[in-house]
Amino acid sequence: MVQDAILTHGTATAEGTTVSYGVLFDKTADTLEALNGTLRAAKRQKKVAFAAELLMMPKDKDVQVVWIGA
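Everything in the sequence shown is counted per the working numbering, starting at 55 for the first residue and increasing by one.
Because the hints were derived from the structure by calculation, they are not lab data. There's no promise every hint is true.
What the hints assert, rightly or not - No farther apart than 27 Å at their CA atoms in a straight line, the calculated lysine-lysine pairs in the DSS-like style are these:
id, residue 1, residue 2
1, K101, K81
2, K115, K97
3, K81, K97
Unchecked claim - Derived Cβ-Cβ restraints for the label pairs, each shown as a range:
id, residue 1, residue 2, range
4, G91, P112, 16 to 22 Å
5, K81, A106, 16 to 22 Å
6, P112, A68, 25 to 31 Å
7, A68, A88, 26 to 32 Å
8, K115, T62, 15 to 21 Å
9, T67, E87, 25 to 31 Å
10, A103, M55, 17 to 23 Å
11, A66, V117, 14 to 20 Å
12, L108, K81, 17 to 23 Å
13, R94, E69, 18 to 24 Å
14, G91, A68, 26 to 32 Å
15, L61, R94, 16 to 22 Å
Just so you know, these numbers come straight off a predicted model, no measurement behind them. From the three backbone atoms N, C-alpha and C, an ideal C-beta is built for every residue, glycine too.
Model the full assembly from the supplied sequences, consistent with the hints where possible.
Right, dumping it as structure tokens:
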């Protein structure tokens, strides 16, 4: 689910597909209630990368989330 959202709303870069946390939060608000927990689990599995330990709206709305998983 989070992979689909990042790939759908993100932009392809050399590092992977990237999208801001704010856009991801807005686009998945109705479908992914536990976005933050899902992103943290994906980060531990090295499927996504982002600069913060914990992403919180609105403070981290501009943090880039990068899909690097297969």
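Check: Are there hints from earlier that the structure breaks, and if so, what are their numbers?
Finding: none
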